[in-house]
Every structure is written in C-alpha cells, then in structure tokens.
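Asker: Residue strings, one per chain:
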Amino acid sequence: MSVVDASLAAGYTVEDFLLVVAAGFVVLAIGMLYRAVKGPTMQDRVLAVNVLGTNTVVILAILGAALGEPTFLDIALVYALLNFLMAIAISKFTVERGGVL
Amino acid sequence: MDALGPVRLALIVVFGLCGLFFTFVSMTGVLRLPDVYSRAHTASQADTLGAGFTLAAVALAAGWDGAGFKTVLLLFFIFVTNPTAAHAIARAAFEEGIVPWTEGDERR
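Chains B and V, in that order, are what the protein sequence lines are.
Take 12 as the starting number for the first sequence in this note's numbering and just add one per residue.
Take 20 as the starting number for the second sequence in this note's numbering and just add one per residue.
These are calculated hints, taken from the structure and not from any lab test.
Keep in mind the model is a prediction, meaning the values are calculated, not measured.
The beta carbon of each residue, even a glycine, is placed where N, CA and C say it ideally should be.
Errors might be hidden in some of the hints.
As the list claims (entries may be wrong) - Result set (SDA-like, lysine to any residue): computed pairs, CA atoms no more than 25 Å apart in a straight line:
no., chain 1, residue 1, chain 2, residue 2
1, B, 49, V, 41
2, B, 103, V, 60
3, B, 49, V, 54
4, B, 49, B, 30
5, B, 49, V, 52
6, B, 49, V, 123
7, B, 49, V, 106
8, B, 103, V, 41
9, B, 49, V, 99
10, B, 103, V, 99
11, B, 103, V, 123
12, B, 49, V, 60
13, B, 49, V, 119
14, B, 49, V, 117
15, B, 103, V, 75
16, B, 49, V, 110
17, B, 103, V, 54
To be verified - Chain B is nowhere near these chain V residues, computed Cβ spacing over 12 Å in every case:
no., residue
18, 121
19, 122
20, 123
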C-alpha cells in the first residue's frame, strides 16, 4: 500500500484525517450499540448487529489505509462476507418455513 | 510513494466527511425511528451510502495498486449485500407477524 505523504493543512497528513474519520465511526458504532442492546424484537438486534458489522468493515479498511497495513483489507473482506452470511442465516433461522429469500 | 494532487486530496476529504455524515444519519434513524421496518429502511440506504463514500475515500488514498482494487471490490460487495441483508431481515420480521407501525401507534 502506498503511503501517502501529502499534507492537508498546517502539517496534518491524509493519514491523520483518515484516523479522525475512523474515530468518528467508532463513536457512531457505540451509539448504534444501544439499539442492539435494547431492541424490542429479535430482528431489531440482528439489524443493529448488521449495521455494526458494516461499520467494522469500514473502520478496518480506513485503518489499513492510514496505518499502511494491506492485510487489514483481506480481514475486512472476510468480515463483510461473514456479516452478510450471519444476517441471512439468522433471518432464515427465525422463520419456521424458511422462506425468507 | 506518490504525492497526491490537490483534486484527489480534496476528493478524499469530501468523501470522508460525506461518509461520516451519512453514517450519522443512519445512526440517528436506527436509534429514533419507530419500528423495525423503518429501521431496516435507514440501515439499508443511509448506511450503505455512508460506507460507500468512506470506502471510496480509502480507495483514493490507497492508490491504484492492489490495495485500491481490493477496496473497490469491498465497496461493490457492500453495495450488493447490505440491502439484501436488510431485505431478508425485514422479510423475516413480516413472516414472524410483526405489525408495521402506523401513525398514532406507540413507538416500539
């Protein structure tokens, strides 16, 4: 992964900006955790965990670019696949007839 | 190690801020909308757009080598799978017999 060394303004690099964006995503994920804990129905919790998984994938990709670790992108791809499979599997599992998709 | 041009730098900043904004919209919707169907709506649309914007910013920052291609692949994968998962969850909620919220009901 090419390490970007252009400066944005006043000595801040693109890596700094990406790390700030990742921190914002972490804060938003903590907010979404409330719905996963409280959610009145089972589907609410699955939906919240699915959104949290998408946030995790995005944070992993940002950290891979900002810290110069290309391996994080492979982990993000696998995590996205597992996240999708989790949502589909639980959706089918909670319905008796199994006719979700 | 390539120096980024000003256009690419501005695009990275704009895409990153747009991604943060739309993910904030998604979080607000997931926390405040009244029932599971409207939450599935905001989780499939606003969150997908936020993740797409941010991954586009990451792809621009990573450059045109293997990491950038992988990020674009991840972007398209999330664009396909995220609405599909939300659709399956909403469909499962309907098959379980959860009645959609209408105006005047209490918030759930």
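Asker: Please go over all the hints and tell whether each is borne out by the structure.
Answerer: Status of each hint after checking the structure:
1. Distance hint between residue 49 of chain B and residue 41 of chain V is fulfilled; the C-alpha atoms sit about 23 Å from each other, no more than 25 Å.
2. This hinted pair checks out: residue 103 of chain B and residue 60 of chain V have alpha carbons roughly 19 Å apart, not beyond 25 Å.
3. Taken as a hint, the residue 49 of chain B and residue 54 of chain V pair is honoured in the structure, with Cα atoms around 13 Å apart against an allowance of 25 Å.
4. For the hint linking residue 49 of chain B to residue 30 of chain B, the alpha-carbon distance of about 30 Å lies beyond 25 Å, and the restraint is violated.
5. Distance check on the hinted pair: residue 49 of chain B and residue 52 of chain V sit about 14 Å apart at the alpha-carbon level, within 25 Å; holds.
6. Between residue 49 of chain B and residue 123 of chain V, the direct Cα distance comes to roughly 22 Å. Compliance with the 25 Å bound is thereby established for this hinted pair.
7. Simply put, residue 49 of chain B and residue 106 of chain V have alpha-carbon atoms about 21 Å apart, close enough for the 25 Å limit, and the pair holds.
8. Taking the CA atoms of residue 103 of chain B and residue 41 of chain V, the gap is about 29 Å. The hint is violated against a cut of 25 Å.
9. Under the criterion of a C-alpha separation no larger than 25 Å, the hint pairing residue 49 of chain B with residue 99 of chain V is inconsistent with the structure, at around 28 Å.
10. The hinted pair formed by residue 103 of chain B and residue 99 of chain V meets the criterion: a straight-line CA distance of about 19 Å does not exceed 25 Å.
11. Between residue 103 of chain B and residue 123 of chain V the alpha-carbon distance is near 31 Å, which puts this suggested pair outside the 25 Å criterion.
12. About 19 Å separates the Cα atoms of residue 49 of chain B and residue 60 of chain V, which keeps this hinted pair within 25 Å; it holds.
13. The suggested pairing of residue 49 of chain B with residue 119 of chain V holds, with an alpha-carbon distance near 19 Å, which does not exceed 25 Å.
14. A threshold of 25 Å between alpha carbons decides the hint, and for residue 49 of chain B with residue 117 of chain V the separation of about 17 Å falls inside it, so the pair holds.
15. Taken as a hint, the residue 103 of chain B and residue 75 of chain V pair is broken in the structure, with Cα atoms around 32 Å apart against an allowance of 25 Å.
16. Distance hint between residue 49 of chain B and residue 110 of chain V is fulfilled; the C-alpha atoms sit about 21 Å from each other, no more than 25 Å.
17. Using a Cα cut-off of 25 Å, the hinted pair residue 103 of chain B and residue 54 of chain V holds, with the two alpha carbons roughly 20 Å apart.
18. Non-interface status of residue 121 of chain V relative to chain B is upheld: no Cβ of that chain comes within 12 Å, the nearest being about 17 Å off.
19. A cut-off of 12 Å between C-beta atoms confirms that residue 122 of chain V is not in contact with chain B; the least separation is 19 Å.
20. Here residue 123 of chain V stays apart from chain B, with its beta-carbon at least about 18 Å from theirs, past the 12 Å limit.
Checked against the numbered hints given earlier, this structure breaks hints 4, 8, 9, 11, 15; the rest are met.
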